[in-house]
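Chains as they are written, first to last, in the numbering used here: chain A, 111 to 633; chain B, 39 to 402; chain C, 2 to 306.
If you are wondering where the hints come from, they were derived from the structure by calculation, not from laboratory data. Quick caveat: nothing in here was measured; it's all calculated off a predicted structure. Keep in mind that the hints are not guaranteed to be accurate.
[Claimed, not checked] Using C-beta positions, here's what the derived DEER-type ranges look like:
1) R260(A) with N226(C): 49 to 59 Å
2) H152(B) with G244(C): 28 to 38 Å
3) E222(C) with H79(B): 47 to 57 Å
4) L290(C) with V402(A): 51 to 61 Å
5) R459(A) with L75(B): 53 to 63 Å
6) D126(C) with Q230(A): 38 to 48 Å
7) A187(B) with A530(A): 31 to 41 Å
8) S186(A) with A69(B): 51 to 61 Å
C-beta: ideal position from N, C-alpha, C; glycine also.
Single-letter residue listing:
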Amino acid sequence: MFILPEVGQAPPPVAAPPALLRLQGMSKRFGSLQALEDVSLEIAAGEIHCLLGENGAGKSTLCNLIFGVYQADSGSMQLAGADYRPSGPADALSMQVAMVHQHFSLVPDLSVVDNLLLGQARGVLRRSECAERVQALSQRFGLQIDPWLRISDLSVGERQRVEIIKCLMREPRLLVLDEPTAVLLPDEIAALLEVCQRVAAEGCGVVLVTHKLAEIQKVAQRATVLRGGRVAARSEQPAADLDALVQAMIQRSGEARTSPAAPSYQREAAGQPRAEPALMIDGVSVKDADGVTRLDNFTLIVEPGEIVAVAGVEGNGQSELAAVISGMRPASQGRLFVKGRELTGRSPRQITAAGVGVVPEDRHAVGCVSGMSVAENLFLDRLHRFSRYGLLDRKRMRAAALELMQRFDVRAASPDVSFAGLSGGNQQKAVLARELTLDGLSFLLAAQPTRGLDVGAVEAVYEHIRAVCAQGVGVLLISSELDELLKVADRVVVLYRGRIVGSCTAEPGERARIGAWMAGQAA
Amino acid sequence: MSTLLIKQPAALLAFLKARPAMWIAFLAVAAALLIGLLLVHLIGVPIGDAVAAFAEGAWGSPYAIAASINRSLVFALVGLGFVLADRANLTNVGGEGQIAIGGIVATAVSLYGHVSDLPFGLAFLLPLLAASLAGGLWGGLAGVLKARAGTNEVIATLLLSFIAVWMVYGSVQSVALLRQPMTHSNTLPESLEIPDPTKLPLLTDDYSMPLHSGLLFGFALAIVVALVLNKTVFGLRLRAVGLNPLAARRAGIAISASVVGVLFAAGALGGLAGACMLQGEQYSLKAGFSSGYGFDGLVVGLLARGSVVGVIAGALLFGFLRSGGINMEMVAAVPTALVVVIQGLIIVILAGAALSMQRWEVER
Amino acid sequence: MSVEMAAVFIGSTIRLAAPLMLSASGELLSERTGVLNMSVEGMMLTGAFAGAVGAWATGSPMLGLLIGVVAVIPVALLQAVLSITLRANQIVTGIGINILVLGATTLAYREIFGGRSRAEIPGLDKWAPPGLGDIPIFGDQVFQQAWLLYLGLALIAVLAWVMRYTALGLALHSAGSAPRAVDKSGLSVNTLRYGAVLFTGMMSALAGCFLSIGDIHTFTEGMTNGTGYLAIAAVIFGNWKIGRTLLACLLFGAATALQFQLPAMGIEVPSALLIMLPYLLALLAVGGLVGRQTAPAALTIPFVR
């Protein structure tokens, strides 16, 4: 049974089994953002309930309400029939509701046992007693762990197991796992799912939050899809309804656009004799500090005048790809060429000098110095233009900034106001203004360039990107907004777990295929 | 403008309101001075006597004024270095050691560098230059450690300070180094007096007001540092490095070179301060040469909150405070430690207020 | 080196290392919880001063010791409030407090003792562990020490035991290693840090008392003379481990003792070199030139939830 509920309609009655946790009409607002709206949900004892949704769909907010981190603005919860209003995580824990967070809170230089004892034990530590309990839990739920190892010597999957054991030691009635598969390797996922099944088999309710249903379809007994803070779909047989669930997840809030507008610029470069590729990435791999492969043998060519989109749910290697291309992080393997020039392992400065513009994913951390003025941010990478004997010609810089601000419609009272005071859209336009006016721009990397922007600003950003593309600049667009990248790009490659799992032309007809790839279904 | 401000309390208030950082610095100094007066009272010395003795020592005679200003110069140079490094969010607490190194090198070059016969003032300029260079290397070393091994610059500059201070001690203990030849058994453990040509020329003609020409360098460097901080590309890059190193790196700024460079510059200013102390006032190197002036300079830099004018104001304040304090002890029997208490209070109050100050500035 | 000289050398090494061991083990705890407590110097000076004044005023070195420990509480609280609650720069705070205490103790000393400097101050008794004190030569030279040293060693042993075997030790360590995890586990990071800073204060006060009423039975202005900074250097050189920190203290103590020992043996080594050696070693250590240093991850970083 697959149901798309009408807005405002009550959730469908669920027959058996009886509800362990019942949520009714939960809403939560953060400032101007309605994170959750009228969400009703039931979780039964002994079931594995999958909570699906893209980033920002409200999954984490919902979990945090259940775990007592936040309190709902309206709505009510019942746990095993009794009113459930946790005042905080400690309160939730005392009622045997436990949660495994996405970010672990472990002390890296302590042993597993010590981590489990932290905050739980009093007085003299009884480590071997604790180790015995760990071993018992290990056997009961199939969680392989050596209690005497230090956390820093464990893999990510093993660390997660420690977090799960931490929860299981409290004999929970309800166990919430927030994006547990995001950090795991495929075989670790299988092990995790088995643990979940065993936990559920003992009568505990398990909530699995994810945006990759494909991985867990085998164990999920029911699924609820959140989109824009509302319930977008429910299913009693997630495995059978997989495609529909994925569609419900990635559709843009209500207004699913049928055909994207045609590009407003003709691509001059297309069809002309082949020039050197704007970007060539040859077998690039990236390992993180824990030795986990984040980007795996990534190979891609972007021709001049072409927009290639890298689609994928966030956290599948996009950030690492962007970091390698912009020179912020070395690749563990592979090579990087721009216009035929090798740039492998070069510094950000050299990469910028080679004509690579970068609109970074995290505007605040990497894209700007928010404590400096708009003008200073616009020219931070080319201050030498306004330098005479090392002195900064602020007058000239100001004039040039005004001109750029006009050209790119950056709205600020003056070039001298603090960058932090600008709206998100104007900040992004300013970053674009800087990167697109780079001397000898031949390639542009735009990572999530429209994140957090309103509709008008989104359009402006893509106008600018198309404009440079028309002048023969190759563009690599990293985005998790399927509609947008279909509208803007020529070609789409899909990243999943650090690998390209599929590629196709950017046509509306390919939407389903791309969605499936993003969800981890093999091509 | 300043006289206008003093005459019109309302204008002063408005002026300070627009500059919260200055306001808090002003309050901190005022509060510390008040506590100082309270302590004078508690000690049982009539406040009038103490203040009179203080004024006499600080600005009561041409000699006193010159001594105060010469002292201020040292504080100002160290403070300028602090402010410069602070722009890149680096805390240079190594002024004391940089002064010590500057003193050692200035002494060595003046005495044994065969410079006294050089024309065009090179006799005193070369030791100054060498001392600055050495101070720069001393400071730059902390930068290299930071860039290479991620060593906290505060710990490195502090340890380097201790090492340098004991180097002064060691070099005046050994005849093989800088100690004057042992003519008899109670020859003091200090260096020979440096030759006259290597002494910094006085700005005035006689020793009744011994203002020395290091002051001119001080002024020139204050202007240079102000320019660097506010008008140059380098200054802007330093600010970017201090505010957001990641974004600065993305924008192609060489972080390591900036860190090493700015700590070198700060060290050079400290080294110059040491040379000025030696060639302008003391003329021979003794153990304890640096006299804690590096820490005073650090306080001046803290007080200034990034402004060169603030450094000069703070340096003058502390220069006169120190001179007055010394006289207070001699004439009014108020221990000069009182001045130390006041300085400590100022640092503690300012450090505690830093968070609220930041919030204030962000809100504006 | 004759046996007598060796005994004298070992004895003076321990005597010189004692205040370092006391304050460094205190400092170690606060650094392990994430507070780089630069004000050990000031705390020691406070303890030395209040201990001396207390012993002089009451005539009882025991009461002096108590007064020394009590007097350090406001200083430690000042450091804690500034660096933990107000999240001030820990280093600047510490240096400020050191300057303040130097001024205040000097001022107060002049006021209290005035012209009668070098006043007779009753000191702590010497004591040797039964049996060890009877060993010829060594018993007298090595083991006959102010009993405060043995109390300090006992305290350090307790500290090491707490850190290793108790829930409190686990929490203290984690507050400097992964404060967020401590917070998530329901404990208060800042409370742990306050406690650690107060403990540092207490240990530093004992160290200061060892200098004034344990060792030389008098107070002189600024008598700590950088010992507090040396304690910090010992913690760094000891790689934030208690055993290695104590060894570093003994090494630093030995370097200082050599100043007096070498000339007696007719060896001329510039004493300045020996004095600066500890700082040089610490610099090499923080510069990553002596093994790998692993400072507590959250050292100097105030905790904000």
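These are the hints, each one checked on the structure:
no. : hint                             : result
1   : R260(A) with N226(C): 49 to 59 Å : 41 Å, violated
2   : H152(B) with G244(C): 28 to 38 Å : 53 Å, violated
3   : E222(C) with H79(B): 47 to 57 Å  : 22 Å, violated
4   : L290(C) with V402(A): 51 to 61 Å : 32 Å, violated
5   : R459(A) with L75(B): 53 to 63 Å  : 55 Å, holds
6   : D126(C) with Q230(A): 38 to 48 Å : 45 Å, holds
7   : A187(B) with A530(A): 31 to 41 Å : 33 Å, holds
8   : S186(A) with A69(B): 51 to 61 Å  : 54 Å, holds
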